[in-house]
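Peer 1: If you want the building blocks of each chain, they are given just below.
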Amino acid sequence: MSRTYWRSLAQIEERPEFRAFHEREFQEGASELPDGVTRRDMMMLLGASLSLAGLAGCRRPVEEIVPFVAAPEEIVPGIPRYYATTMPFRRSAYGLIVESHEGRPTKIEGNPSHPSTLGASSSRIQASVLGLYDPDRSQRITQKRETKAWSDFVTAWGQLSEAHAADGGAGLAVLSESFSSPTLARLASELRTRYPRLQWATYEAVSEENRLAGLRSVTGRDVDLTLRLDQASVILALDADPLLTDPEMIRHARGFAAGRRAGVSSTLPEPQARPEPSQGATSSGQAMNRLYAVEGVYSLTGAMADHRLRLESRQIAPLLAALAARLGLPAAGAASLAAAGVPGVDSRWIDALAKDLLANRGKGLIVAGERQPAAVHAAVCALNTHLGNTGRTVSYYETKDAALPSVSSLASLVSAMQAGAVQTLVILGGNPVFDAPADLDFPSALAKVPHSIALGHTVDETSSRAEWHIPRAHYLESWGDARAAGGTLSVVQPLILPLFGGRTPVEVLGLMAGGQDRPGYDLVRETWKPILGEGEFDRKWNRVLHDGFLSGSELPEIVPAVTAEPFAELGRLRATGTSASQAEPGSPGDLEIVFLPSPSLHDGRFANDGWLQELPDPLTKLTWDNPALVSPKTAETLGLASQDVVRLDHGGRSLELPVWLLPGMADGVVALTLGYGRSHAGRIGSGVGFDAFTVRSSTAPGFASGVRLSKLARTYPLSATQEHGSMEGRPVVRESTLTALRSKHAAAAVPAEGAHAPDPHQAPKGTPSAQGVFPEDPHHFSLWKEHAYDQGHQWGMTIDLNACIGCNACMVACQSENNVPVVGKDQVARGREMHWIRVDRYFSGEPSGSPEMVFQPVPCMHCEDAPCEQVCPVAATVHDGQGLNVMVYNRCIGTRYCSNNCPYKVRRFNFFNFTKDTPDILKLAMNPDVTVRARGVMEKCTYCTQRINRVKIDAKLAGRELRDGDVKTACQQACPASAIEFGDLRDQTSRVVKAKADPRNYALLEELNTRPRTTYLAKVRNPNPDLEGVA
Amino acid sequence: MAQIFPPWWNKLPIVAALAGSLGPLLAVAGVWYYFSPWYTEVGYRPAQPVAYSHKLHVGELGLDCRYCHASVEISPVANLPPTQTCMNCHQTVKRDSEMLAPILASAASGRPMRWIRVHKLPDYAYFAHSAHVAAGVGCVTCHGRIDEMETVTQMTPLSMSWCLDCHRNPGPNRRPVSEVTNMKWTPPRDAQMLMAQLDRERPVSPPTDCSGCHR
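Heads up: the protein sequence lines correspond to chains C and S, in order.
Under the working numbering, the letters of the first sequence match residues 393 to 1423, in that order.
Under the working numbering, the letters of the second sequence match residues -5 to 209, in that order.
One chain only, chain S, in its complex shape (with noise of 0.2 angstroms):
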């Protein structure tokens, strides 16, 4: 009679042993990697093609973010500049920096400059920039202090859970229309007195619903 279990039937135990310590600590692995920000890429700093500073031109030249940024009011995406907008400037300045090469030659042979994306939502996930500035929310409240920045960096998560804890309870990161683009804007003393005002001129109901950014 053949036998029902095979010779290697005897490794079973040892097998299910390394598995049953082996499946937890992956387990754990697992959380430890999603849940962390190594995962959600804080600090995600690529090398773009042209080092561009913006501690230089925002932090100490003083360069509104809607110079180059100029959709962010009307848009949901708030648009990279086209290369005719550094060369506004750069057609008399600083004409023969090395650093500025890839960008005068964009502008002579037509070329298109290609970014590397730094903040990045899923594609399952719609994200209005107008809707945001429109309810008083600062640029350096989801980008961080970008004028100290000489490459720009990841500095929040951006995951589901980030997005909805403002969405819950805006209030805080609630500024002044006008002081969106600020990126050392403080709130003032009597911070509650401005929520106030804020609610009572520009109510916002930010949606907590799957529909509000999953289309």
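Here chain C stands alone, though its shape is the one from the complex (with noise of 0.2 angstroms):
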């Protein structure tokens, strides 16, 4: 297959400014200091400062150990514990397994029993541990800015109760975050039965309320569903990102990615349920999965889908009646749904979708988006459940302990403010001030209550309105509890006492409830001791502490009965839709607008968290930013370029940000990032971006019509760590389609198992590659000393491209591992980013059209003739005998050869002491075993060689030797997809040699014959041949 991919769309313009992006190894000015500085009176100041500084740094440091006074049991010193514990999200749980190093929590990892995370976590997970040590976080209680004592506040509260117990708490209201907790759910009930008039709202900024009023529609409960991917072999994606932005992605990806390896891989899950590659089916008989996915907005599961069909959002409705309408349903359903037809939607597609659903029933999949109206997700329950999929690939559950989120209880509230109705405004947590929908004016309304009172990390835009403010407990620092996904209950576990004397909202709403002080142990024990029952309490609640959550607490499934109901409301819904796209579409003055969370500070709520500002958005690799996107027709429409400043108007508000052009979106299509633009968010996060919130109304939360956009003239930089390291036009990327893997299977007699790969250093030469994906790459023979390579571990990974989602959780993982630091806007724009492993992104097909996009990670390879290693003047870095590249920070000069060697762009320079200012508190967060590195030192992956060593000892003491699976590396650890393997290649039985005899095995540049360690498997798609031909 000849396909050409491209990086952005500067690349295939050719313009200028990306032929000096990547002709140069550093970028211009990447070698220059700020402020004008020059290298060359760098020099003159070096030699001045040197002959200073040379007598004055001889004296040893004296260094202090101290040691307890009364040694916990538990705690050796240089031994990391562990501790299961849960990050509340939204309505959902995690179930995490927290290193502690001394008292610190420095890693976070999935709890590998837990049903939400299975081991895997994701980027926000892993970054969630520095925003236990932020520096911005509050550190005091405050009455109108004056700092008061905790007891101060129960005092106050004490009066405020008493006078609100008079009227039954007529004048007292609550705004919370959605939640789903036991304990949180008994003490408002609590408080309700104490305050019968009191007011409740739950907002939550990005929500899945929609889909629970839907829901709702069909079966007349409070139901929620949770989707089981492994069990889908065709599943279509309306509007809607599983795969990143739902709460639910680790579980959806692992169930993705299982359905994804089903008869392609020879990596499965189970070692021994391994099938030969060339059956085409795994023993459970099911096939490779297929996915379609039909979206405004380029998403990660529009990356991954194998079809793809670009649709305003305001269209899915229409499309779904259509669909619907193929699917043979009963007579009453069908008839409200006649002449169905979207305009601009090729009707063989639908017919082909339709297809597929009807042959695959009970295996089949139909997901909406979170942004969809709720007739539409009415619709789809209806119709997973008339296609036999309910039970088996979806799953629905009445909820429980959960404060289901609701704009219009936020709406009823803020009235209720206006008219001076409530006196006191509790906001437990959430940021309703910078995040609820502008037309409700939320900061006018609390302007107007006379005492109002919020809990809050920050000292952020609602705190620092409201007349207490209260600083609210990380959860790393909290007792609680919370139902995951499904109902399962898990505890939140503290890892260490408030670092900043912060409070949990169990423990205010326990004060508010209950009347008294109380500890959150207490509260949520309370709450605890009637699920577990009281005979042998202590003994069960230790083991649920131990475990992280109690298992087989999942709530019963539901099935919903079908009713033609749904389907004439999507017929109604159809009709609106249609008639409001009468106007031609992509016109400046009917463009779609749609809102996106952010994958990394999703609703602005994680802005001050550097990691994740840095992390570069899977899909634009823009960093520290938020431009509004829209698809290059629409940009030559509206004669924008990437970088425009633009001013959005929209239902009387209008918003000034600059614009982005990402291929693949539908025409017509403005999509806004939600989360950025905070001002009170800390120093990392103020400041940085485009509030979007302040367009964004309570009638249209998702998506809405009637937007404009006019070019102002002048631009905005953005940062995009897109072109950097880019990698020539080689086939870096390799994909092939299952039906030509099969017929190539066919073609060449697959040898017996474990014929190839006898020799690990053999392996990434291109023996297994021979077998026929690819091309026979001509024979090698290298100018250098060979390594023999036959002692010991020798290290080795695979990475495979038809798992991997792009969802960056590895980068996010590896920086918090090995002490990566954050560089910033400017630096990333100088292509200065630290990262260890990028995640490239790769574009084929027309820019203007569908392209498609795959997803490639790029740790260091390890290659056994390593170029940055023939090129070092001080042997810096050098080759150790398990096979790792290591890397000699004490030996760095900072001459950058190896880097400019570097054919895969991997090592990171440190042009700045990056962590020179980094505030102390934040050094906790830092891994005692990974050495910092300082200015003027090379750095990149290191295979976690800490881990290994850590390993390998462990194992000596033990007196045992080293099993498959001992060493994970941090990236790998994280994975939702499980697509990274690592392990010893000499061990002919473990995983990754067997990953690496998978036919699609292949190195990358490997006519470079480096013979890097980390090798790739090709990306497999799963076109319907229904759809040959068809856009």
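Check the hints yourself; a few may be wrong.
Below, a list of computed lysine-lysine pairs in the DSBU-like style, where the Cα atoms sit at most 35 angstroms apart [what the hints assert, rightly or not]: (1) S:K114 x C:K1348; (2) C:K1344 x S:K178; (3) C:K1348 x S:K88; (4) C:K792 x C:K1013; (5) C:K1360 x S:K49; (6) S:K114 x C:K1308; (7) C:K1348 x S:K5; (8) S:K114 x C:K1315; (9) C:K1013 x C:K1315; (10) C:K1177 x C:K1217.
Okay, the calculated bits of chain C under chain S, using three or more residues with CB under 8 angstroms as the criterion [as the list claims (entries may be wrong)]: (11) 881 to 895; (12) 999 to 1013; (13) 1396 to 1404.
Restraint ranges, calculated between C-beta atoms of paired labels, are given here [as the list claims (entries may be wrong)]: (14) S:E173 x C:R1355: 43 to 53 angstroms; (15) C:K921 x S:G104: 32 to 42 angstroms; (16) C:S943 x S:A119: 39 to 49 angstroms; (17) C:T1287 x S:R194: 20 to 30 angstroms; (18) C:T1287 x S:R196: 37 to 47 angstroms; (19) C:P911 x S:S30: 50 to 60 angstroms.
If you're looking for bench data, these hints aren't it; they were derived computationally from the structure.
On a predicted model such as this, the values are computed, not experimentally measured, just so you know.
Cβ atoms here follow ideal geometry from the backbone N, Cα and C, with glycine treated the same way.
Take each chain as given, in its own frame, and dock them per the hints.
Peer 2: In structure tokens, the structure reads:
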């Protein structure tokens, strides 16, 4: 297949700045100091300071050792401890195992037994440890900006509560985030009993409210769903992003990757179930899944799709109606959907999709995005049930212990506040001043409330306007509980006492409901007594604390009945949708605006997390900003280019922000990312990006029509990592289709298992790839003395491009494990980002049409014949006996020759002492097992050599050999899709050797004969044969 | 026409001569200093907040190293004992000794002792006590005759070349694991036999690669 891959629009247009960009190893200005100090000036300064500094630096600093007074039995200095806890996020709960060094949490991993994480994690989970040590977290309780003690608040609350008790709490209101927690739910109901006239609002800026409303209309109850993507053969995502922005993305990604591997790969989750690659199906008989995506904005799910249809969000309902009409509905439902057609969509596409879904009854799955209206969710639920998918690929359960998000509850609260009916407002977390719909004007309503109490991690937009501010404890400092999606009861266990005296929502609500100040621990245990039973409670409770969750506590499944009502509703929606789209699509006056949650900052709550701010957006590769995204064609119509500043008018409000061209978006769609533009986030997040909440209304929080963009005569620089480290158009990503893979297998006789890769260092040389998937490479020989690598452990890695969803979890996991610094927007623009593993994103196809996307994580390849080693003048990068390409920081003199000579561009240089100004408290987040690098030193992926060493020493102490799977690199452990395998290449039974035996295995740029230890498994697409030639 | 070389250039030969003679001298001085035990601080003997005598406690009373440094076998770090460990005995023994006053104060107030680190490796070197103890490297090999020291003194250079000497040829520094804390152990007469036995029972392959100690 001759695909042309391109990284950016600048590349295919061959713009001069792109040429300049990748012809230089270090970008223009990368070698310059800030403030105009040139290199020559620097040398002069250095010469002068050297003579002064030489005399002062001889004395060894005196270091102290401070042991405990009475040592806790379980803490042994130097040995990390691991505790199970839970990170609550919206109504989800992530079960975690947190590593603690001498009492300070440093690294977070998923809990392998917990159903919502399955041992993996996401970028947000990984980055949350930095949030614990955020120096901008609020450190004191304030009343009207004056420091107060907690006891002052308790007293003040006592007076307020007495006043409210008189009239049943008529003037009392609570605004909370959505949650799913037995303790919070219990306290909330106690509070309602105490104050029957209390007003309770639950608001979430990015919420699943529409889905819940849709499911409520079908079932008549508060019901939510869980997806089982591993069971699905045909998946249709309608404006949905289950693989990235959905709170349950970890579980979804794991399931999706499992279905993706089925019938393709030899690396199955269960080693014993390893099939012959030629069979094309697993032992369970499941075939590789096929994903259809219909969406307006490119999402990660769309990037993974086999067939992707660009369609505005408002056209989803008509498309669903057209699809439903083809799915053989009962007559009553079908009648309302007659004459189904969608403007601009080839009806053959819908026909083929319908055929595929019908052929896979019980193995199909339709998912609708949170943005879509309730009617779409109701119809999707009915269709899934109609197709027999309910109970197999999707299951429904009645929510319990939950506060469900509701914009209308916020609206009625705000009108009560405006009317002066609210005397006391308690804001239990959340940041409504920043993220409430603009039309409600929450700030002015808040000003009318005499007593407002805000619980917040920082003195944020809301807390700075409230009468009382109470610092909120981080989840790693809190006692609490939560129900995961599906209902599993999980415990939030603190790893450290609150650093800044923070309080939890449980404690504040406990004070309000019970009238007395009680510790969170007591409140949570009180809730759990009836759950676990009084008999042997402590034993059972300790078991739950150890596991992190109560097994067997899932909520029972329910099966919704199918009625015609959802389809009638859908038909009505289609009628309005069609009339709304009468205007010429893409005309400047009628663009569609879509509000996206940020993959990093979500709704802005993580804005002060440097790791997340610097994490490139998976699709645009932009850091530190949120421009408006438009398709190239829309930009052409409007005369816009990337980085042009526009004024966006929508619903009587306007916002000035830059635009960025994202190929593959539907034409006539403008996408705004939420969560940026905070004014009171802290030193990292304040003033970064543009506040999209200012144009978001309560009537259309997801998408809306009627947006106008007008170009302003200025530009705004954006920092993308997109072009950095380009690979000069060589075939670095390889892909195939399932049919092509099978026919090649049939043609080439597959040798007996284990016949290939007898010699690990031969494996990357192209032996496996000679079996048919790729053309055979000519034999290479080296001019350098070749190493033997036949002793001890020989480490190697594979990355399965077929499983990788490009979610960036590996990048943050690596950053957390290896003390990788954050450099800032300006430095990223100069190509100085420090991530040891990056995720490259390539497009293929027509940029103005619907290009496909592939992701490729690139860490150091650990070449056996490493080009970097050959050019280092001081032997600062050398090979060790285990095949690791090691970087000796102390020898490095910063010539950067190695980086110049690295074909993979994975080396990172410390242009500055990036960690010098790190606040002391942030140093607590650092991994004590990894050296913190100084200025002038090169660094790169080490294959987590500290983990290898730790495991080796542990095995030696235990007197046993290393087992496969003992060493997990940080990226591998975090990967939600299990795309990364790591292990000993000399162990013929190891999973990495099996993965390398896969015919899809290939080495990156293997013609260079660098013999990389990290190899890739080619991506496989599974297109529908019926859709060949259909756009 | 302006002078190309201003008058002070006349001093150039003198400056050059001075630099020419001082430069090598400085280089020699640098090597002299940085390669010497003075720099590696052999003999470093800081005064500790309590003049704890290993000579008394280990040499005369016969305390095992691991009574206080309890984590040495399981952890990379050989811990310093918590105040509580001192108080195990000094609850009753020598309570009124003036030397013991800081320990008693620490135990009473809950404020930890602040000892001065004697044996210090650079931050980029990762040393694991547990691995070395398991391999049968005696305490005395690196720390010297602690049992004879009134004040703990650094006896070995702890430099990289010194580490590597043993990593390249660990045999002479190995002993049965049971004798690791024995300060007075000497190799038996049939040392060769013992070495062979140790290698058979617990073969070691100390890393000589950078990644063995630097991360």
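Peer 1: Hint by hint, work out which the structure violates, then give me just those numbers in ascending order.
Peer 2: Failing hints, ascending: 3, 4, 5, 7, 10, 11, 12, 13, 14, 17.
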